[in-house]
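Visitor: Spelled out from the first residue to the last, the chains are:
Protein chains: 2
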Amino acid sequence: MTQLSIVAFDRFTDIDVFMPWDLLFRAKAAGASDWTIKILGKSEYVTSVAGLRIPTHGRLEETATSDAVIFASGVGIADVLTDKAFLDALHLDEEKQLIGSMCAGAVILAEKGLLKGRRATTYPTYAKKLAEYEGVEVVDEAFVRNGRVATAGGCLAAQLLCGWITEELAGADLADAVIASILPVGQGCKAFSGWGDPAAAKAVAAAAPVRVAAE
Amino acid sequence: MTQLSIVAFDRFTDIDVFMPWDLLFRAKAAGASDWTIKILGKSEYVTSVAGLRIPTHGRLEETATSDAVIFASGVGIADVLTDKAFLDALHLDEEKQLIGSMCAGAVILAEKGLLKGRRATTYPTYAKKLAEYEGVEVVDEAFVRNGRVATAGGCLAAQLLCGWITEELAGADLADAVIASILPVGQGCKAFSGWGDPAAAKAVAAAAPVRVAAE
Numbered sequence: 197m198t199q200l201s202i203v204a205f206d207r208f209t210d211i212d213v214f215m216p217w218d219l220l221f222r223a224k225a226a227g228a229s230d231w232t233i234k235i236l237g238k239s240e241y242v243t244s245v246a247g248l249r250i251p252t253h254g255r256l257e258e259t260a261t262s263d264a265v266i267f268a269s270g271v272g273i274a275d276v277l278t279d280k281a282f283l284d285a286l287h288l289d290e291e292k293q294l295i296g297s298m299c300a301g302a303v304i305l306a307e308k309g310l311l312k313g314r315r316a317t318t319y320p321t322y323a324k325k326l327a328e329y330e331g332v333e334v335v336d337e338a339f340v341r342n343g344r345v346a347t348a349g350g351c352l353a354a355q356l357l358c359g360w361i362t363e364e365l366a367g368a369d370l371a372d373a374v375i376a377s378i379l380p381v382g383q384g385c386k387a388f389s390g391w392g393d394p395a396a397a398k399a400v401a402a403a404a405p406v407r408v409a410a411e
Numbered sequence: 197m198t199q200l201s202i203v204a205f206d207r208f209t210d211i212d213v214f215m216p217w218d219l220l221f222r223a224k225a226a227g228a229s230d231w232t233i234k235i236l237g238k239s240e241y242v243t244s245v246a247g248l249r250i251p252t253h254g255r256l257e258e259t260a261t262s263d264a265v266i267f268a269s270g271v272g273i274a275d276v277l278t279d280k281a282f283l284d285a286l287h288l289d290e291e292k293q294l295i296g297s298m299c300a301g302a303v304i305l306a307e308k309g310l311l312k313g314r315r316a317t318t319y320p321t322y323a324k325k326l327a328e329y330e331g332v333e334v335v336d337e338a339f340v341r342n343g344r345v346a347t348a349g350g351c352l353a354a355q356l357l358c359g360w361i362t363e364e365l366a367g368a369d370l371a372d373a374v375i376a377s378i379l380p381v382g383q384g385c386k387a388f389s390g391w392g393d394p395a396a397a398k399a400v401a402a403a404a405p406v407r408v409a410a411e
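Protein chains in written order, with this note's numbering: chain A, 197 to 411; chain B, 197 to 411.
You may find that some hints are simply not true.
Said to hold, decoys possible - Simulated DEER-style distance windows between Cβ atoms:
1. A:G254 x B:E240: 16 to 26 Å
2. A:S239 x B:E330: 47 to 57 Å
3. A:A281 x B:E333: 52 to 62 Å
4. B:G382 x A:D230: 32 to 42 Å
Unchecked claim - Chain B stretches covered by chain A per the calculated footprint, using a threshold of three residues with CB under 8 Å from any CB of chain A:
5. 249 to 259
6. 283 to 296
7. 310 to 323
8. 346 to 360
None of these hints come from the bench; they were simulated from the model. The structure displayed is predicted, hence computed values, not measured ones. By construction, the Cβ of each residue, glycine as well, lies at the ideal position given by its N, Cα and C atoms.
Using the sequences and the hints given, assemble the complete structure.
Guide: In structure tokens form, the structure reads like this:
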């Protein structure tokens, strides 16, 4: 079993949780069948900035046993940063895990000491805050990887973050197929012809090696 | 009050509901303050194909009083097409409303007679099904508009569909600002500097007139 966790909190940015959730599910459905994908939160439910209340699948402590952890973004980050219990419940180890952030989530990585001496990206409104952490070099890039720790900036950069995680854990063919499956029609979109059939997904990927720009 | 509704059903494709939900909320937060955005469903909750159970904000009959209606997509469409009560509960009038679909949702528009004699797009796996409706010309395009009825194909084409609706109901500046706010950092991303302040949103749009390709 491989566990992939998305850490959410109240007033999360909807798309920064739901896009990774959707993309990782696609990878699971198309081939990575041993994946368990969970949204982790402090309590049983979290509510997005747009007001959508969703159930979580586990508590923050489950980060300890996750193979990959993605930190969501949102204006609620301000509350997270003053919530010692929230931060203490996060157990991260870049030797054993892939760790990534969407937008403002990079500040949580900095808070946990994972960005020291490293380049990192975030949403523009959080660049100043992120730069306050000692040794963090904030750059205007969509996706910045340092070994097994990565930051993504701008909601649509979720494709790069999830593509990287999928490639690392299940191979580039599957990652390509997942990204191709959400592109606009006529702009590289290739539907999965066989959800749940890894061979079919691989064939799709081979036919359309589409990858989002940058990296 | 302007009501924008997203019609969902069990086994909906996550991103095809949540991306429009997020984009329309951004428009409301940044200027279209009289908008009410609702996810409509047959019952109090709907569950996505990836297993996320979310509350709905109203029943399908509210399509009648909506200013814009977006139909979501997903493998659950097969059940919708055999559910006469679901289809009968949809009250659509292109003289009074903007009506759009994500991916497989185009089949609902066809079922309701809105695509006859028109070009339309859908997700590749539903192209054959859509072409079975008399007078529908299925094309490989991201976004196809016929007056006040539009179809979008491929999840990321939600940007075009929501951009169109936002432009029609609240102007091109706001639509541009919304799309720019989700682009990857370094690839046109411009954060809203003033959520809830239309002037600020307009300034952002003027500074970064980024629009997704096609149309």
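Visitor: Confirm or reject each hint.
Guide: Here is how each hint holds up against the structure:
{"no.": "1", "hint": "A:G254 x B:E240: 16 to 26 Å", "in the structure": "holds, 24 Å"}
{"no.": "2", "hint": "A:S239 x B:E330: 47 to 57 Å", "in the structure": "holds, 52 Å"}
{"no.": "3", "hint": "A:A281 x B:E333: 52 to 62 Å", "in the structure": "holds, 58 Å"}
{"no.": "4", "hint": "B:G382 x A:D230: 32 to 42 Å", "in the structure": "holds, 35 Å"}
{"no.": "5", "hint": "249 to 259", "in the structure": "holds (count 3)"}
{"no.": "6", "hint": "283 to 296", "in the structure": "violated (count 0)"}
{"no.": "7", "hint": "310 to 323", "in the structure": "holds (count 5)"}
{"no.": "8", "hint": "346 to 360", "in the structure": "holds (count 7)"}
Going through the hint list in order, the structure does not satisfy hint 6, though it satisfies all others.
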